[in-house]
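Trainee: Respectively, the protein sequence lines represent chains A and B.
All residue numbers for the first sequence refer to UniProt numbering, where the first residue is 1 and numbers rise by one.
All residue numbers for the second sequence refer to UniProt numbering, where the first residue is 1 and numbers rise by one.
All the pointers check out, no bait thrown in.
Listed below are the simulated DSBU-like cross-link pairs for lysine-lysine, each with C-alpha atoms no more than 30 angstroms apart in a straight line: (1) K104/B / K86/B; (2) K86/B / K227/A; (3) K104/B / K55/A.
Hints listed in this document are in silico derivations from the structure and should not be mistaken for laboratory results.
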Amino acid sequence: MAPSLLHPPSQLSHAAALQLSQQAPAVLRSSPSTVSASPLSALFSASESPELWTKYENLLLSCLRTGDERAAHQCLERLVARFGNDNERVMAFKGLLKEADAENNGQLELVLKEYDQILSDNDTNIPITKRRIALLRSLGRVSDAASSLVRLLEFSPTDAEAWSELAEIYLTQGLYAQAIYALEEVLILAPNAWNIHARLGEMQYMAATASGAGAGPYRKYLAEALKRFARSIELCDDYLRGYYGLKLVTSEVLGDSAGSTKQNGADEFSLPDPATIERLNELATAKLSEIVRHAAARDPGWCGYDELEVAAARELLTKDASALPGVVR
Amino acid sequence: MTWISKTITVFGGLLLAHACYSAQEHSALQSLRAATSTLTSSSPNTAALPVDIAIETVVATLVILLGLVLGTRPLRPIQWRVWAGKIEREGEEGFVDNEGEVNKDYVGNPFRMLEARPGFVDIRKQRREFAQWVKNGDSAGAGAQ
Chain A
1 MAPSLLHPPS
11 QLSHAAALQL
21 SQQAPAVLRS
31 SPSTVSASPL
41 SALFSASESP
51 ELWTKYENLL
61 LSCLRTGDER
71 AAHQCLERLV
81 ARFGNDNERV
91 MAFKGLLKEA
101 DAENNGQLEL
111 VLKEYDQILS
121 DNDTNIPITK
131 RRIALLRSLG
141 RVSDAASSLV
151 RLLEFSPTDA
161 EAWSELAEIY
171 LTQGLYAQAI
181 YALEEVLILA
191 PNAWNIHARL
201 GEMQYMAATA
211 SGAGAGPYRK
221 YLAEALKRFA
231 RSIELCDDYL
241 RGYYGLKLVT
251 SEVLGDSAGS
261 TKQNGADEFS
271 LPDPATIERL
281 NELATAKLSE
291 IVRHAAARDP
301 GWCGYDELEV
311 AAARELLTKD
321 ASALPGVVR
Chain B
1 MTWISKTITV
11 FGGLLLAHAC
21 YSAQEHSALQ
31 SLRAATSTLT
41 SSSPNTAALP
51 VDIAIETVVA
61 TLVILLGLVL
71 GTRPLRPIQW
81 RVWAGKIERE
91 GEEGFVDNEG
101 EVNKDYVGNP
111 FRMLEARPGF
121 VDIRKQRREF
131 AQWVKNGDSA
141 GAGAQ
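The shape of chain A in the complex, shown without the other chains:
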């Protein structure tokens, strides 16, 4: 099915982005080029809809990604004609276009200076602040980006997107404890986000494997990861990513069962007993093989999974089957 222009294109595959940007001439031709904001002319011309502007934004992003600058500039012109030059969102898109057009680091520094200029006039311009942080990160100045992001979060602590970005930045620097803290903040703001629960589980699993078996926080991180993956499955039936993580963590714990079994402090979540973990592992294996089977057969109602994720799950299952022939049924 063709991707819709009404959804943000950041997570689309390259082919889908290309398909979207190839629609650009047709969309630009069929939509009105200017929509007046005055109520009098709205009586006589076609009424505008919010979807139209969402479309322009997403088209702009897809066209920039595929290198179709002409269509991107057209989209931006229309957004500017409707919302004016001093709209914060439009300012961020203009900056984005300049970033994409820049050919060397000198021009990017100029764009950065422009952002600083805008922010010195009005330092509550959140879209531009975010662009500035993204540009800093893209230029490789990650610690600057992190400190700017922390400052942004100081005056806007309910911005889940910014907390999530902060978590990813900390993760790239290997600061697991900070990354986990930032992602927990996201979960406070969006407690039902099953993918964020799974992401947190993945981070904790990474932290556990990075600290190495036998180290102090190893079992604590594993227990937390187990809890997070279980929660993501509780929030979402047949969640491939959650079951994948659950299987990884339980296999890790079972493989490590020879290690220390001393109890943690009372306030910390401790691992359940090995029998429970064994059953969780079996459940995850059964669910994963069911999902892989259905997705491979392209059964109706099972086509929503990402193909790469299914392939990864299949690989995990075969690896597990060759290592522990007794566990897989």
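Fit chain B to the given chain A structure using the hints.
Mentor: Structure of chain B alone, referenced to chain A:
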């Protein structure tokens, strides 16, 4: 499934049309009889609708309702985990309306945006990756030829 519901709806429509026609015929007959009865001055009879026409109307309405209800798509899940699982398992194919179009308010996983983070998009990296993909695709295509 759909042809059953369509047949039932059409049958109900026929019944309803028949009931309307009967009622119309009945009233025409009544007015004719009233015109003749003023001449013969018989008892003033009330033009009440016969009970079978009323029953037919009610039954036809119920049959049409049954057909329409059978023809609708299954209701959307109201439990969070079932709904979320449907999004993950079926993607947008699970959220089509009666015309087969994807619902306008379908957004997939609404929390995906927290991982994609459109406000922090690194457009230069995306462009590089896309250019790389195009180059690889071209070289793969050239290799296949």
